[in-house]
Amino acid sequence: MKIAVCVKQVPDAAAPRRLDPQTKRLDRSGEGVLNAFDVHAVEEALRLKEAAGGGEVLLVTMAPEGAQDTLRKALAMGADRALLISDEAAAGSDLVATSYALAKALEREEPDLVLFGQQASDSDGAVLWAAVADRLRLPTISQVAELSLAEGRVRGKRQTEFGYDVIEAPLPAVVAVSDAINEPRYPSLKGIMSAKSKPQELVSLTALGVEPDRAGDQGSRTEVYALGDPPARGDSQKISDDGSGAEQIVAFLVERRLV
Amino acid sequence: MLSKAAALADGAVAAAILGSGVRDLAARAGSFGARRVFVADDPRLEAPLPQPRVDVLAALVREHGVGTVLFGQSVLAADIAAGLSARLDAGLNWDLTDLRSEDGRLVGRRPALADSVYAEVGWRSEPRLAIVRSGTFEPSETGGEAEVTEVTPQFEDFSLAATMVEQAHEESGGPSIEDADVIVAGGRGLGGPENFTLVEELAKALGGAVGATRAVVDAGWYPYATQVGQTGKTVAPKLYVACGISGAIQHKVGMQSSSVIVAINKDPNAPIFEYSDLGVVGDLHEILPKLTELVRARKSG
Ligand SMILES: Cc1cc2nc3c(=O)[nH]c(=O)nc-3n(C[C@H](O)[C@H](O)[C@H](O)COP(=O)(O)OP(=O)(O)OC[C@H]3O[C@@H](n4cnc5c(N)ncnc54)[C@H](O)[C@@H]3O)c2cc1C
Ligand SMILES: Nc1ncnc2c1ncn2[C@@H]1O[C@H](COP(=O)(O)O)[C@@H](O)[C@H]1O
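First to last, the protein sequences are chains A and B.
Each residue of the first sequence is one higher than the one before, counting from 1 in the working numbering.
Each residue of the second sequence is one higher than the one before, counting from 260 in the working numbering.
Derived from the structure by calculation, the hints contain no laboratory data.
Any given hint could be a false lead.
The calculated lysine to any residue pairs, modelled on SDA-like cross-linking and capped at a C-alpha distance of 20 Å, are [unchecked claim]:
#	chain 1	residue 1	chain 2	residue 2
1	A	157	B	419
2	A	238	B	515
3	A	238	B	558
4	A	24	B	375
5	A	157	B	533
6	B	497	A	236
7	B	558	A	259
8	A	157	B	525
9	A	2	A	64
10	B	525	A	244
11	B	497	B	525
12	B	558	A	251
These figures come from a predicted structure and were not determined experimentally.
Isolated chain B (complex conformation) (with noise of 0.2 Å):
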C-alpha cells in the first residue's frame, strides 16, 4: 500500500502507525516508501477498537491538509475509515482492485455486483478516504528513510466508552489449508455442521483438505482455521469444489486464485456460478455421496 501511495504521489506519502508499543515500526514504513511517519503511541490504542483510531486520524487529516487516506482492508480498518468518513463528510469508496491518477484526478476500480460489473470511480472533494482489497498491491522496499513525528492523541470521550473486555486466542488444529492441492469446501447450503462430513469425505478421497465460509464459521459448525476470506485465509489450490456457498464477494477474494473452481449449488443465481470453471446446478446432498464413490472407484481401479 506505501509503495503504491508513493508511486501516484510522487513520493509525498507519509504513514500512520497508530498502536501500543509500535514505535519500532516506524523505520519499517520509511523502506516501503514513506518520506514521513505519524506515530500515535498510546495504551489506549492498545485494544483493536476503530473509535479512538479515527480521533488520531481526524485530527492528522485536519492539521497536516492530508488529501487522501488508503487503508487495507479488514474488519478494524472499515470501522475506521467509515467512522473518519462522517467525522470530515469524506468520499469512502472501499473494495478497490486498483487506483490509478488518470488527468490529475485519483481513479479507483470497484467490482460490484459479486464483480460481474467494473466500475470506476472517484471522489468529489478531498480528503479522499479508500479501501483497498488486500493483496493487490505488490509491496516494493525501496529503503528510504522516514522522518519520524510523534502525535499526541487527544480522545473523545464516546471513543474511549466501547472497551475490549476479553481478547481470545484460538490455536488451530487439524491439516492446514494452506498449502492443499486440493480443497473441498462446505458452506451454509450443507445445512447443518453434522453433513460436514460429506465434504470431509470428498476430501479425503480427493487426497485434499476442508475448507469453509464465514457463516458456518460464525455458527460454530467448523473451526476458524478452516475459514477462506477476506477474514480468513487466502489460498489458491489446483482444485477447490465448493458445496453450497452462495460465493460472496468476501468469500470470492479467499480462493479467486484456485487454478479450477467446481462448484455445487442449488440456486441457479448463485453468484460463485459466475466465477467456476464447471458450475452444477443441483443438490449437494444427492450429489456430493456419489461424486466420492466415483472418485474413490477411480483412484483404486
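Just chain A, same shape as in the assembly (with noise of 0.2 Å):
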C-alpha cells in the first residue's frame, strides 16, 4: 500500500500576511509552516498504513527549496520520505499549472491512494485535487470525515446539507479528507530525530517531464490585474480580556441598545 499525501506550506497565520504589490502574489518571504488542514491527511496516511500493517506514506509538495523544513515535520509524524518539487520556474504558478506538476509527480510514483487536506488556508480554494484527479484519470471524492478501505476500495463518508453521503471507489483514487476526521498525533521525540534522515528527493519541473510553458506564470490561465482595500465595516473596537471583558462586552449591548 503505497499513499501519497500533498502537503503545501503556507505562510505562518500568526504572522501578518500579505499580498506583495509588484508581483502581486502573497508575499512567501516570511516563515513558512504545514498547512493545519494537510496534517490531518498526514495522520489519516498513517494510520492506514499501520492498520494495513505496512506501506508507504510519501509527501508530495511543490514549493521553494526552504519546505524542507516544513516537510520535516510531516516526516516527524511518520512519514516515509517526501518529494519536493522544487523549481523557480514553478513560481507563480496557478490551479492549471499547479494540478499539472502535481499529476506528473504522482505519475512517476504510481501510489494506490493519493490524500489531500480540505483547503490551503493562503488559498482557501478547496479545489486542487478534483483538477489533479482528473489529470490522472482517477475517481475522487471530497470532504471524507470517515475513511476506510477494504478490498481494493476506498469508502469516504462525507457531511452534506442534508445529511450524509457515502461514496466508494476502486483504487487507485484521489480523496481530500476534512479536518474533523482525525486528531493529528505530535511527533514523538524519536519521530524528529528519525526525520533529519529521512529522504527529501527535489525534482526540478524538467525532471517530471512539465514542459516550461506549463508551469509557472507561463503555464497559469489567470491572472490578477489589481490589488485594493475592502470598503471599512464602521469603527470596529477591539479590546484584550484583562478580567473586564464580560463587563465591557455587556456596556457595548446596552449601548446598541441590544439588551
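Given two chains presented individually in distinct reference frames, assemble the corresponding complex, making use of the accompanying hints.
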C-alpha cells in the first residue's frame, strides 16, 4: 500500500499576511508552516498504513527549497519520505499549472491512494484535488470525514447540506479529507530525530517532464490585475480581556440597545 | 447567475442542466435570461458526483465554443469546476463577489486573505471558468423563452468509477437559527462538545438561538441544522456573538450581514476580528460564564 499525501507550505497565520503589490502574489518571504488542514491528511495516511501493517507514506509538495524544514514536521509524524518539486519556474503557478506539475509527480510515483487536505489556508480554494484527479484520470471523493479501505476500494463518508453521503471508489483514487477526520498525533522525540535522516528528494520541473510553457506564470491561465482595500466596516473596536471583558461586552450591548 | 450572465453577454447565454429527471427545469432557465438550454438528463447524473458532469460540460464547451462558464458556489460545483479546469486547461477564479466587463475583458473581484484584500482577477485565455460566491447576484425574471437542446452524454470510464452508496437525509430539530434576532455561535475554540452549554446558556439569557461552525458540526459536537456558512445556513440576526471561531471565509459568508458582530477569541490575529464590531481577545471559558451572569442580572434587574 503506497499512499501519497499532497501537502502545502503556507505562511504562518500568526504573522501578518500580505500580498506583494509588485508581483500581486502572496508574500511568502516569511516563515512557512505546514498547512494545518494537511496535517489531518498525513495522520490519516499513517493510520491507514498502520492498519494495513505496512506500506509507504510519501509526501508530495510543490514549493521553494526552504520547504524542506516544513516537510520535516510531517516526516517526524511518521511519513517515510518526501518529494519536493522545487523550481524557480514554478513560481506563480495557478490551479491549471499546479495540478499539472503535481499530476506529473504522482504519475511517476503511482501510489494506490492520493490524499489531500480540505483546503489551503492561504488560497482557500478547496479545489486542487479535483483538477489533479482529472489529470490522472482517477476517481475522486472530497470532504471525507470518515475513510475506510477494503478489497481494493476506498469508502468515504462526508457531511452534506441535508445529512451525509457515503461514496465508494476503486483504487487508485484521489481523496480529500476534512479536518474532522482525526486528531493528528504529535511527533515523538524519536520521530523528530529520525526525520532528519529521512529522504527528501528535490526534483525540477524538467526532470518530471513538465514543459516550460506549462509551469509557473507561463503555464497559468488566470491573472491578478490589481489589489485594493475592502470597504471599511464602520468603527470597530478590539479590546484585550483584562478580567473586565464580560463587563465591556455588556456595556457595548447596552449602548447598542441589544440587551 | 443567469440574469447576471445575460446582462454581461448581451443575452448570448445558455444554461446547462445536468441531472436525472430534470427536463422540467428548462423552461425556468429561459425566464431568467437563458436563450438556450442544454439538458443532459441521464440516470448516471442522478447522484451529486462531479466527474460525470465534467465530461458533459467539457463536451459542451468544445462543441459550442463556449467562452465563459459560471458556477454558483457549492462543494459539488467547486469539484466540477476544478475538474473542468484541468480537462480544458482553462483558468479558474473562485470565490468571486463581482463580475464585470471592462474594456472588452471580463474582470472578477475576489476578496483574499480573509477578505482583507480585494483582488481584481482575470483570465488569459478562453474558456474562462468562475465560481461565484452564493447570493452575489440578484435574479431578475424577464420571462423569456429558451431553445432547449437535449445532449446525449458520453462518459469516461474513470468518471463513473466513484459511486454513491448511501445518501442520508437528517431531519433537524430544535429552534431554527434562520429567524432568530440573536445568535450565539460556537467553534472549535470551545474545546469539546460538553462546553456547548456555555454557548447555550448565553443564548438563553439573550433570548437567542445557537449556531455552530462546520468544524464542530463535522466533528459531531453539534447538529448540522445549526451550521452557519457557505455549506450551512446564511443568517442575518441583529446580534451575532462568535465564540472560539477563527472566522474562516466559508463561515463569514454565512453571517457577515448580521447587524452587530461580537467576537471572543484568544488569538489576537484571528480573522474574525477583521469583521467584528467588538472583538475581545481572551479566553471564552473565563468570559462566557461571567457574561451570561451579567446579562441575566440585567434582564431581571
Ligand atoms: C468547501 C468548504 C465549505 C465550508 N463551509 C463552511 C461552513 O458552511 N461553515 C463554517 O463554519 N465553516 C465552513 N468551512 C470550514 C472553514 O474553512 C473553517 O475550517 C471552519 O469555519 C473553522 O471552524 P472554527 O472557527 O470552529 O475552528 P478553528 O478554525 O479551529 O478556530 C477555532 C478558534 O478558537 C479559538 N480558541 C481556541 N481556544 C479558545 C479559548 N479558550 N477561548 C477563546 N478562543 C479560543 C482559536 O484561537 C481559533 O481562532 C468550509 C470549508 C470548505 C473547504
Ligand atoms: N503547492 C502544493 N503542493 C502540494 N499540495 C498542495 C499544494 N497546494 C495545495 N495542495 C493540496 O491541495 C489541498 C487544497 O488546496 P487548495 O485547493 O489550494 O485550497 C491542500 O489541502 C493540499 O493538500
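Results for each hint:
{"no.": "1", "hint": "A:157 - B:419", "in the structure": "18 Å, holds"}
{"no.": "2", "hint": "A:238 - B:515", "in the structure": "17 Å, holds"}
{"no.": "3", "hint": "A:238 - B:558", "in the structure": "26 Å, violated"}
{"no.": "4", "hint": "A:24 - B:375", "in the structure": "14 Å, holds"}
{"no.": "5", "hint": "A:157 - B:533", "in the structure": "34 Å, violated"}
{"no.": "6", "hint": "B:497 - A:236", "in the structure": "16 Å, holds"}
{"no.": "7", "hint": "B:558 - A:259", "in the structure": "8 Å, holds"}
{"no.": "8", "hint": "A:157 - B:525", "in the structure": "32 Å, violated"}
{"no.": "9", "hint": "A:2 - A:64", "in the structure": "25 Å, violated"}
{"no.": "10", "hint": "B:525 - A:244", "in the structure": "15 Å, holds"}
{"no.": "11", "hint": "B:497 - B:525", "in the structure": "24 Å, violated"}
{"no.": "12", "hint": "B:558 - A:251", "in the structure": "14 Å, holds"}
The structure does not agree with the numbered hints 3, 5, 8, 9, 11 stated previously, though it agrees with the rest.
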